[in-house]
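> Protein chains in written order, with this note's numbering: chain F, 1 to 502; chain V, 1 to 389.
Read the hints as simulated data drawn from the structure, not as lab findings. Honestly, I wouldn't trust all of these hints.
[To be verified] Restraint ranges, calculated between C-beta atoms of paired labels, are given here:
(1) V:Asp-6 with F:Leu-307: 32 to 38 Å
(2) V:Arg-307 with F:Glu-320: 38 to 44 Å
(3) V:Ala-283 with F:Lys-144: 54 to 60 Å
(4) V:His-270 with F:Glu-308: 38 to 44 Å
(5) V:Ala-283 with F:Leu-307: 31 to 37 Å
(6) V:Arg-307 with F:Asp-387: 54 to 60 Å
(7) F:Leu-307 with V:Arg-307: 31 to 37 Å
(8) V:Pro-227 with F:Arg-317: 54 to 60 Å
(9) V:Ala-258 with F:Asp-73: 53 to 59 Å
(10) F:Val-435 with V:Met-1: 54 to 60 Å
(11) F:His-419 with V:His-270: 58 to 64 Å
(12) F:Lys-144 with V:Gly-152: 46 to 52 Å
(13) F:Asn-239 with V:Ala-283: 35 to 41 Å
(14) F:Gly-182 with V:Met-1: 48 to 54 Å
Note that the Cβ used here is the ideal one computed from N, Cα and C, for glycine as well.
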Amino acid sequence: MRGQITGRLASLVKRSSKSAIEADGPDAALLADLRSALAPDRVKMDGAQRSLLGHDASVFGGGVAGPVCYPVDAAEVSAIMTIAEQHGRGIVPRGAGTGLAGGAIPLGAPVVIAVTKMNSILEVDTENRIAWVEPGVINLDLSKHLASYGFHFAPDPSSQQVCTIGGNVGNNSGGPHCLLYGVTNAHVVAMEVVLASGEIVTLGGLDAEPDGYDLRGAFVGSEGTLGITTKIAVRLTPNAPSVRTLLLAFSTVQAAANTVSAVIADGIVPAAMEVMDQRITIAVENYVNAGYPTDAAAVLLAEVEGLEGGTAIDADRIAELGRENGAVSVRVAATDEERALLWKGRKTAFGAVAQIAPDYYLHDTVVPRSKLAEVLDQIYEIADRHDVLVMNVFHAGDGNLHPLIVFDGRIEGTWDRVHAAGGEILQASLAAGGVLSGEHGIGVEKQQYMSAMFSDDDLDHQGRLRRAFDPACRANPGKVLPAGHSCADIAALRKVPSGVWG
Amino acid sequence: MDLKLDADDLNTCVQCGLCLPHCPTFRVTGEETMSPRGRIALMRAVQDDGVPVTDEVVDAFATCVQCRGCEPACPSGVPYGHLMERTRETLADAGAMTPTWQRLALKPLAYPAMLRAGSKALSVAQRLNLVPARLGLSEEIPFSQEPLATSGDDLFLFTGCVMDAWQRDVHASGQRVLEAAGFGVTPTNDLAPCCGALQAHAGLARDTRSLAEKMMANLPAGGGETPRPIVVDSAGCGAAMKDYGHLLGTPEAEAFSARVFDIQEFVAQHMNRLPAVEPLELAVAVQDPCHLRHVQRVHDATRTVLRPFVRELIELDDDGLCCGAGGAYSVLQPELAGQIRERKVASIERAAADFVASANPGCSMHLGGVGVATVHPMQIVDRGLHGIA
Numbered sequence: 001m002r003g004q005i006t007g008r009l010a011s012l013v014k015r016s017s018k019s020a021i022e023a024d025g026p027d028a029a030l031l032a033d034l035r036s037a038l039a040p041d042r043v044k045m046d047g048a049q050r051s052l053l054g055h056d057a058s059v060f061g062g063g064v065a066g067p068v069c070y071p072v073d074a075a076e077v078s079a080i081m082t083i084a085e086q087h088g089r090g091i092v093p094r095g096a097g098t099g100l101a102g103g104a105i106p107l108g109a110p111v112v113i114a115v116t117k118m119n120s121i122l123e124v125d126t127e128n129r130i131a132w133v134e135p136g137v138i139n140l141d142l143s144k145h146l147a148s149y150g151f152h153f154a155p156d157p158s159s160q161q162v163c164t165i166g167g168n169v170g171n172n173s174g175g176p177h178c179l180l181y182g183v184t185n186a187h188v189v190a191m192e193v194v195l196a197s198g199e200i201v202t203l204g205g206l207d208a209e210p211d212g213y214d215l216r217g218a219f220v221g222s223e224g225t226l227g228i229t230t231k232i233a234v235r236l237t238p239n240a241p242s243v244r245t246l247l248l249a250f251s252t253v254q255a256a257a258n259t260v261s262a263v264i265a266d267g268i269v270p271a272a273m274e275v276m277d278q279r280i281t282i283a284v285e286n287y288v289n290a291g292y293p294t295d296a297a298a299v300l301l302a303e304v305e306g307l308e309g310g311t312a313i314d315a316d317r318i319a320e321l322g323r324e325n326g327a328v329s330v331r332v333a334a335t336d337e338e339r340a341l342l343w344k345g346r347k348t349a350f351g352a353v354a355q356i357a358p359d360y361y362l363h364d365t366v367v368p369r370s371k372l373a374e375v376l377d378q379i380y381e382i383a384d385r386h387d388v389l390v391m392n393v394f395h396a397g398d399g400n401l402h403p404l405i406v407f408d409g410r411i412e413g414t415w416d417r418v419h420a421a422g423g424e425i426l427q428a429s430l431a432a433g434g435v436l437s438g439e440h441g442i443g444v445e446k447q448q449y450m451s452a453m454f455s456d457d458d459l460d461h462q463g464r465l466r467r468a469f470d471p472a473c474r475a476n477p478g479k480v481l482p483a484g485h486s487c488a489d490i491a492a493l494r495k496v497p498s499g500v501w502g
Numbered sequence: 001m002d003l004k005l006d007a008d009d010l011n012t013c014v015q016c017g018l019c020l021p022h023c024p025t026f027r028v029t030g031e032e033t034m035s036p037r038g039r040i041a042l043m044r045a046v047q048d049d050g051v052p053v054t055d056e057v058v059d060a061f062a063t064c065v066q067c068r069g070c071e072p073a074c075p076s077g078v079p080y081g082h083l084m085e086r087t088r089e090t091l092a093d094a095g096a097m098t099p100t101w102q103r104l105a106l107k108p109l110a111y112p113a114m115l116r117a118g119s120k121a122l123s124v125a126q127r128l129n130l131v132p133a134r135l136g137l138s139e140e141i142p143f144s145q146e147p148l149a150t151s152g153d154d155l156f157l158f159t160g161c162v163m164d165a166w167q168r169d170v171h172a173s174g175q176r177v178l179e180a181a182g183f184g185v186t187p188t189n190d191l192a193p194c195c196g197a198l199q200a201h202a203g204l205a206r207d208t209r210s211l212a213e214k215m216m217a218n219l220p221a222g223g224g225e226t227p228r229p230i231v232v233d234s235a236g237c238g239a240a241m242k243d244y245g246h247l248l249g250t251p252e253a254e255a256f257s258a259r260v261f262d263i264q265e266f267v268a269q270h271m272n273r274l275p276a277v278e279p280l281e282l283a284v285a286v287q288d289p290c291h292l293r294h295v296q297r298v299h300d301a302t303r304t305v306l307r308p309f310v311r312e313l314i315e316l317d318d319d320g321l322c323c324g325a326g327g328a329y330s331v332l333q334p335e336l337a338g339q340i341r342e343r344k345v346a347s348i349e350r351a352a353a354d355f356v357a358s359a360n361p362g363c364s365m366h367l368g369g370v371g372v373a374t375v376h377p378m379q380i381v382d383r384g385l386h387g388i389a
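Can you build the whole structure from these sequences, using the hints too?
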């Protein structure tokens with residue numbers, strides 16, 4: 001941007017010498033090719049950009065970005081893919097960088113493809129109830145745009161105010177309201193995808209029952225390892241005529257968890273059921289002042305949607321079931337503002353933890369709903385044993401736990417305890433019949449645990465699926481599948497060039 | 001390099017990214033170096049990891065509008081504005097930011113005679129079509145005008161530097177509204193030439209501190225039961241003056257800052273003292289200046305004040321995103337400022353209002369530069385009360 005304040009002032013501005021990397025053999029040629037394919041100012045190679053794009057919102061560091069590209073259309077993405085292939089380099093797609101499993105961390109100095117400039121809502125087709133969007137469109141922007149048509153995009157991750165639709169597709173993202181509506185996979189009908197070869201293909205279609213194998217379904221949740229989306233057809237969900245939001249307070253976390261199971265067992269499927277324990281509730285309330293009861297051991301935020309009569313009955317019944325399970329108070333949001341404030345609290349919970357400690361490590365396991373209370377007990381016990389502080393905030397309705405270990409990484413030995421506790425939490429969840437990740441993805445975070453979940457045969461077959469899309473494994477190398485099950489990943493991981501901050 | 005940032009303040013950021021969509025430069029570029037999260041990571045890299053302060057790092061800091069829209073969005077309460085001001089101060093001291101021509105350009109603000117002479121020259125130049133469009137001067141700068149007269153000593157009305165030279169009619173409206181509410185007004189005129197906000201934004205906090213001390217000495221609390229309020233009709237100035245307590249770190253400065261009110265904030269507390277009038281046949285869109293909404297956080301007062309005086313109040317649909325004015329930002333970073341403004345103008349067009357009410361001179365000039373009809377909220381109230389302005 002310095003160029004923009006220049007003009008005749010340019011001579012007044014001190015300029016430092018160019019980064020050493022640009023003169024460095026193979027990167028210079030790669031860079032020249034990328035700059036001729038895109039506008040030169042949309043291919044960045046400076047230390048500031050590369051250092052910032054070396055990590056995402058996860059606790060994992062150690063990524064090193066190669067050239068950072070900001071394409072504006074599929075043709076440019078395709079050109080980047082082709083050039084990267086010619087130079088034997090991997091590519092990493094990146095949206096808003098809010099991932100919590102390290103999925104966007106560049107390993108081995110790949111070309112980073114940031115889709116944030118591809119952020120147009122291309123078409124809203126209310127007759128077919130779909131919208132075509134570019135991958136860099138922000139999730140909440142889409143729903144706000146659709147509001148005037150009476151629709152929204154149902155998956156609503158807590159980071160929805162910033163995360164991108166492309167990232168949602170890559171991670172098959174969930175969110176509180178996916179309890180009723182299903183996760184991203186249920187809301188993406190077709191995609192334009194650029195494969196690692198540079199080929200542009202369309203997966204899925206607008207027909208209700210497309211023929212052949214569901215390659216669209218295979219792509220959703222592939223965390224950038226099968227290619228990169230450049231256009232996405234999302235399903236529009238009508239806004240409900242009536243919404244009721246309840247806040248129930250409990251004197252134990254287990255009572256909240258039991259209420260959740262009781263509601264589902266009763267035959268009600270609320271739009272959302274979210275639990276926060278006392279520690280996280282205090283942090284959240286301190287930020288939003290929504291009137292969350294900070295003296296309760298846990299709160300349950302439950303929301304029902306539908307026709308007026310139905311939501312009234314369901315809300316009463318949820319309150320009743322809550323009291324039967326020990327709820328000490330039940331509050332119903334009286335206005336839209338009150339409801340919005342309660343949700344703002346829930347959705348900013350992770351960011352609020354810095355009030356307590358500067359680092360957090362967030363897990364994402366899913367357990368059978370009936371085992372929620374039991375696994376929560378174990379999580380608190382594991383944390384105590386490793387002397388780390390754990391907070392629980394989770395999508396209770398579908399058993400998706402988000403144990404949040406908060407700590408100060410500057411204190412020596414903390415990381416070891418955090419990792420040990422995290423590993424045990426994962427094992428406890430798997431032992432209860434659960435899975436590694438509900439919605440954050442595997443990334444680099446849970447790779448090492450994939451073998452605990454899948455047999456070698458399973459993993460080999462997943463590797464074959466991956467290679468069908470990307471034979472050289474150059475798309476997001478080093479992610480998801482553990483080493484040994486993913487062909488030439490290692491080849492795509494280039495030695496880190498000199499002069500990068502890391 | 002030691003940026004002299006407090007380690008605990010830096011560590012309040014957990015890099016979650018919830019600030020990104022609330023940052024105007026990230027919104028228009030999509031680049032991490034143009035986001036609050038990215039800029040904080042660079043502060044850490046420079047201060048903690050010894051990363052060199054390259055052109056790109058300086059640019060990341062220099063392109064920040066300092067709108068502070070990221071602060072209310074941050075669940076962990078990162079004091080971003082103070083971190084950025086301190087970073088710029090350290091870099092300016094080291095000669096890495098704010099070149100001499102910028103320092104010289106800011107000098108006259110503190111010297112009313114110099115500013116008036118400069119303004120006269122600019123006014124003549126404007127009439128001779130010698131003023132480059134990039135300065136964004138939408139209105140004709142008055143050649144000469146009478147200073148505002150004192151009507152009593154209930155409160156001070158802060159008149160400031162550029163605004164007093166170029167938009168004194170806004171002060172006049174504000175004074176008439178305050179008088180209609182029964183207050184005797186002392187315009188500060190040369191008693192308090194400048195608040196120092198632009199200097200603090202440019203990393204010249206030392207100049208701001210000396211202006212603050214001068215102002216505190218010249219605007220005494222008086223011997224009354226309640227200390228004399230200092231009412232400010234420029235959101236940017238009000239925010240800076242409310243920050244003197246932090247800037248100087250003394251109890252006197254704290255006490256001074258506690259006397260500072262935005263004019264909408266002050267009038268909203270005294271609405272019962274204004275006569276009831278027929279609302280004007282106007283649909284007015286409210287554009288919240290960032291330093292009113294994100295820093296002072298008293299933007300609701302604008303609505304309270306305007307509601308009885310207009311037929312319709314319209315909210316913009318962009319969640320209070322910055323307009324790109326940013327004090328001197330629109331002159332220093334014209335391209336980014338223009339892109340940011342395009343978003344704001346699109347939102348304003350969707351609102352389809354007769355006027356846009358903006359309580360900050362920088363915003364109204366920046367928006368006026370592309371033909372948006374802006375007025376200060378006090379001008380609307382004045383017109384409602386007196387049929388003038």
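> All hints are to be evaluated individually against the structure, with a verdict given for each.
Hint check:
{"no.": "1", "hint": "V:Asp-6 with F:Leu-307: 32 to 38 Å", "in the structure": "violated, 54 Å"}
{"no.": "2", "hint": "V:Arg-307 with F:Glu-320: 38 to 44 Å", "in the structure": "holds, 42 Å"}
{"no.": "3", "hint": "V:Ala-283 with F:Lys-144: 54 to 60 Å", "in the structure": "violated, 22 Å"}
{"no.": "4", "hint": "V:His-270 with F:Glu-308: 38 to 44 Å", "in the structure": "holds, 43 Å"}
{"no.": "5", "hint": "V:Ala-283 with F:Leu-307: 31 to 37 Å", "in the structure": "holds, 35 Å"}
{"no.": "6", "hint": "V:Arg-307 with F:Asp-387: 54 to 60 Å", "in the structure": "holds, 56 Å"}
{"no.": "7", "hint": "F:Leu-307 with V:Arg-307: 31 to 37 Å", "in the structure": "holds, 35 Å"}
{"no.": "8", "hint": "V:Pro-227 with F:Arg-317: 54 to 60 Å", "in the structure": "holds, 57 Å"}
{"no.": "9", "hint": "V:Ala-258 with F:Asp-73: 53 to 59 Å", "in the structure": "holds, 54 Å"}
{"no.": "10", "hint": "F:Val-435 with V:Met-1: 54 to 60 Å", "in the structure": "violated, 46 Å"}
{"no.": "11", "hint": "F:His-419 with V:His-270: 58 to 64 Å", "in the structure": "holds, 59 Å"}
{"no.": "12", "hint": "F:Lys-144 with V:Gly-152: 46 to 52 Å", "in the structure": "holds, 48 Å"}
{"no.": "13", "hint": "F:Asn-239 with V:Ala-283: 35 to 41 Å", "in the structure": "violated, 27 Å"}
{"no.": "14", "hint": "F:Gly-182 with V:Met-1: 48 to 54 Å", "in the structure": "holds, 51 Å"}
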